[in-house]
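This is what each chain is made of:
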Amino acid sequence: MNKLSPAGLRTACVAAAVLCALVLLPGCSKTEPPQFRLNLQGRNPDDFIFASGDNEETRASKEQNKASLDTISTVMYAFFGEPNDPYVLAETGLDARKIQMAAGPTGGDPSKHQRGLYRQHCAHCHGISGDGAGPTSAFLNPYPRDYRQGQFKFKSTERPAKPTTDDLIRVLKDGIAGTAMPSFLLLPDDEVEALVEYVKYLSIRGQVEQSLTITLLDDGNPLDMNPSAIIAEHVAPIVETWNTAESAIIDPPDRPPIDTPELHAESIAKGAELFRGQKAQCMKCHGPTGLGDGGDEQLFDDWNKVKKFADLAKQIAAAEDITDRAERRTQLKQLYDRLEIEKRSWLLPPQQLQPRNLRLGVYRFGRRPADLFRRIYAGVNGTPMPQGGANASNPSGLTSEEIWHLVDYVASLPYDKVSEPGVGRGHLAGIGQWHE
Amino acid sequence: MKLVAALRAGGGGSAEAVVAEATGTGWGTLKGRFLYAGDPPKLGFVSTGGKDGAVCGAQVPNQALVVDSATKGIANIVLYARKAPRVFKPEDGAAPAAAPQPIFDQKGCLFLSHVFGIEVKDTLEVKNSDPISHNTSISPPGNPSTNPLLPPNATSTYQFKRQLSAPAEVTCSIHPWMKAYIIARDDPYFAVTGLDGSFEIKNLPAGEDVEFQVWHEQATTGLEAKPGWSKGRFKVKVPADGVEDLQTIEVPATAFH
Chain A
1 MNKLSPAGLR TACVAAAVLC ALVLLPGCSK TEPPQFRLNL QGRNPDDFIF
51 ASGDNEETRA SKEQNKASLD TISTVMYAFF GEPNDPYVLA ETGLDARKIQ
101 MAAGPTGGDP SKHQRGLYRQ HCAHCHGISG DGAGPTSAFL NPYPRDYRQG
151 QFKFKSTERP AKPTTDDLIR VLKDGIAGTA MPSFLLLPDD EVEALVEYVK
201 YLSIRGQVEQ SLTITLLDDG NPLDMNPSAI IAEHVAPIVE TWNTAESAII
251 DPPDRPPIDT PELHAESIAK GAELFRGQKA QCMKCHGPTG LGDGGDEQLF
301 DDWNKVKKFA DLAKQIAAAE DITDRAERRT QLKQLYDRLE IEKRSWLLPP
351 QQLQPRNLRL GVYRFGRRPA DLFRRIYAGV NGTPMPQGGA NASNPSGLTS
401 EEIWHLVDYV ASLPYDKVSE PGVGRGHLAG IGQWHE
Chain B
437 MKLVAALRAG GGGSAEAVVA EATGTGWGTL KGRFLYAGDP PKLGFVSTGG
487 KDGAVCGAQV PNQALVVDSA TKGIANIVLY ARKAPRVFKP EDGAAPAAAP
537 QPIFDQKGCL FLSHVFGIEV KDTLEVKNSD PISHNTSISP PGNPSTNPLL
587 PPNATSTYQF KRQLSAPAEV TCSIHPWMKA YIIARDDPYF AVTGLDGSFE
637 IKNLPAGEDV EFQVWHEQAT TGLEAKPGWS KGRFKVKVPA DGVEDLQTIE
687 VPATAFH
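Going line by line, the protein sequences match chains A and B. Take the first sequence: its position 112, counting from 1, is numbered 112 in the numbering used here, and each next residue is one higher. For any residue, its number in the numbering used here is found by taking its place in the second sequence, counting from 1, and adding 436.
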């Protein structure tokens, strides 16, 4: 009876995966089939590792954390399976056939069915678990998307809504201009669809895991192991957001006419004024001429702003100025210890986000007027680029007419004289006044 | 493996959940006051770099640790019940005066409440009382992410979907020094200390242990205000129709980082 049950084995693998993630054991898990990595990002790794100096209370709390991790991995395994053997929970509404095509090791299975598309095309950037931390990720800026928060930037829907299936297909076919995300236009449609289904699977999986982690680790509540209760509380609300995406598509209203050069020029001029004005504030980030040089502060997207490196760096700088030597030393030691923990709790260091240089004419989700309308209306989800347009929850936002003027202005920027080489910024009539 | 099979079959695994059992009846109050032990730190300032200087000024107060120099009261400490065995309903007694709709305002390029508490069921109203636009970025774990452009005098709304286990950041992407925190809870058992360091939480379930979490911006893993308050947590029983007064709690400087 010394054989491990599959469930026990599973727990052992997870424990190994946690250790890999936490202490980076060299060579760890090379021989094991790949596992989904538990999402412990942002947590202090020391809360899960037993140390000789632990007192009784710390030990008890670590035991509890460990028990919670066991519960989470059991539920995750039951509901989602593992990379080589995915399980498709009926309540997710996912298409098991498509998931099978995308999952597993690269190459066909013995019966020659297509398998392993995700690992062949995506995993080296987006990671086996969809955590955006594949082996190539550290060299890229921006990083590949971590799907597990369920947040997407480039889509046709209202800001908080999920992308539609067509949006994801478009991202795969077009790639994301100006980033490492390549185009998969040459893949047959059924393979693209299978990959899109797998992105949803990883994203739903990631959000369910996050939800369980909040309940068990953060709220410290036990989990009611009744499957329908878990599904109702931790799965259904997430699946619902995917099911309602289609109804959240932004439908740009008719635009004011620009069919004569005069009308067009007028609209561009109005857009330029709005761009620099107090209401729209575009200039504050994109700069007076749209070069993306408006602010000197560091911007981060939601995936990176949770990493507190920059805050700690500021606090360290402030602590350097403390005059009392002993006090300075204790403060600095504390801060450097916290920075060390912060570094160990993330898979990738924080990456800054630049406001887009709008004079390059490179857009990450399309250059058609309707694309730009949606971008300015909803902003870029998960980033400082705000939701500009008025809607039910923010009735005083930009009107559709104002957005259309901004669209015309933004679309004109790549062809504007200031974009030509050799013309210094701020020397053109009408633009100089925006520079100090 | 049995458990996995049961979970997949939808057949009930054993419900191991132990819901905190309600034992008492009646309701009581918890109050107390946090004071800074030692010389209170002076209020610092953050430079605005002259951005929107006419409205924001050259600098704004740094609200990370606000200690009243006269009383030594510590503001912006948050207390919230980790789990309430019972929650007061209007029919349980004289209903407290209806609380006004919570409004989260900003003026002079500062959030007027540096730390703000709200019940999940309530709608957060985010207001801009400045003559320039702001944007208000909120993206707490497990909740929708939002970042609306807020023109002068605009009000936008935000609905939390689930309670937070710790206060979440609110920021303005245009004015990066603007930062505040919001805690959203399923029940009304939370409070934020005022300038004099005091707090009061009413209508708590009397006669049973309620565990509280104490949080401060400079003690994000829990404010260990007193020995025994490991991770900033303590348990307390309030008397029915009475007040449990924690009196004055002198917080050592080392509790903040």
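FYI, nobody ran anything at the bench for these hints, they're computed from the structure. In this text the structure is predicted, and so the values were computed from the model without any measurement. Some hints could be false.
[Said to hold, decoys possible] Some chain B residues flagged as far from chain A (calculated, every beta-carbon gap over 12 Å): (1) Arg444; (2) Lys467; (3) Ala473; (4) Val491; (5) Val496; (6) Asn498; (7) Glu555; (8) Asn589; (9) Val628; (10) Lys667.
[Unchecked claim] DSBU-like mimics (lysine-lysine), calculated; alpha carbons at most 35 Å apart, straight line: (11) B:Lys543 <-> A:Lys66; (12) A:Lys314 <-> B:Lys525; (13) B:Lys615 <-> A:Lys307.
[Unchecked claim] A few chain B residues that face chain A, going by a derived Cβ cut-off under 10 Å, partial list only: (14) Pro476; (15) Gln495; (16) Pro497; (17) Gly578.
The beta-carbon is built from N, C-alpha and C at its ideal position, and this holds for glycine as well.
Task: Restraint satisfaction for Gln495 (chain B) [CB to CB of chain A, less than 10 Å] - done: Because about 15 Å separates Gln495 (chain B) from the closest Cβ in chain A, which is outside the 10 Å limit, the hint is violated.
Task: Glu555 (chain B) remote from chain A - nearest C-beta pair above 12 Å - done: holds (16 Å)
Task: When the least beta-carbon distance from Pro497 (chain B) to chain A is tested against 10 Å, hint result - done: This interface hint is violated because 15 Å lies over the 10 Å limit.
Task: Consistency of the no-contact label for Val496 (chain B), given chain A and a CB cut of 12 Å - done: holds (14 Å)
Task: Residue hint Gly578 (chain B), partner chain A, criterion CB-CB below 10 Å - done: Holds. Min distance 5 Å.
Task: Non-interface claim for Asn498 (chain B), where every Cβ of chain A lies beyond 12 Å - done: violated (10 Å)
Task: Status of Val491 (chain B), Cβ more than 12 Å from any chain A Cβ - done: Label violated. Min Cβ-Cβ 9 Å, cutoff 12 Å.
Task: No chain A beta carbon within 12 Å of Ala473 (chain B)'s - done: holds (15 Å)
Open item on the list: So, as I understand it, the hint says Pro476 (chain B) touches chain A; can you test that by seeing if any CB pair is closer than 10 Å?
Closed with: violated (15 Å)
TODO: With 12 Å as the threshold, tell me whether Lys667 (chain B) passes as away from chain A on beta-carbon distances.
DONE: violated (8 Å)
TODO: Could you let me know if the closest chain A CB is still more than 12 Å away from the CB of Asn589 (chain B)?
DONE: Check fails; 7 Å does not lie beyond 12 Å.
TODO: Say whether it holds or is violated: Val628 (chain B) keeps its Cβ farther than 12 Å from all Cβ of chain A.
DONE: For Val628 (chain B), whose nearest Cβ neighbour in chain A is about 20 Å away, the distance exceeds 12 Å, so it holds.
Checked against the numbered hints listed earlier, the structure breaks hints 1, 4, 6, 8, 10, 11, 12, 14, 15, 16; every other hint is satisfied.
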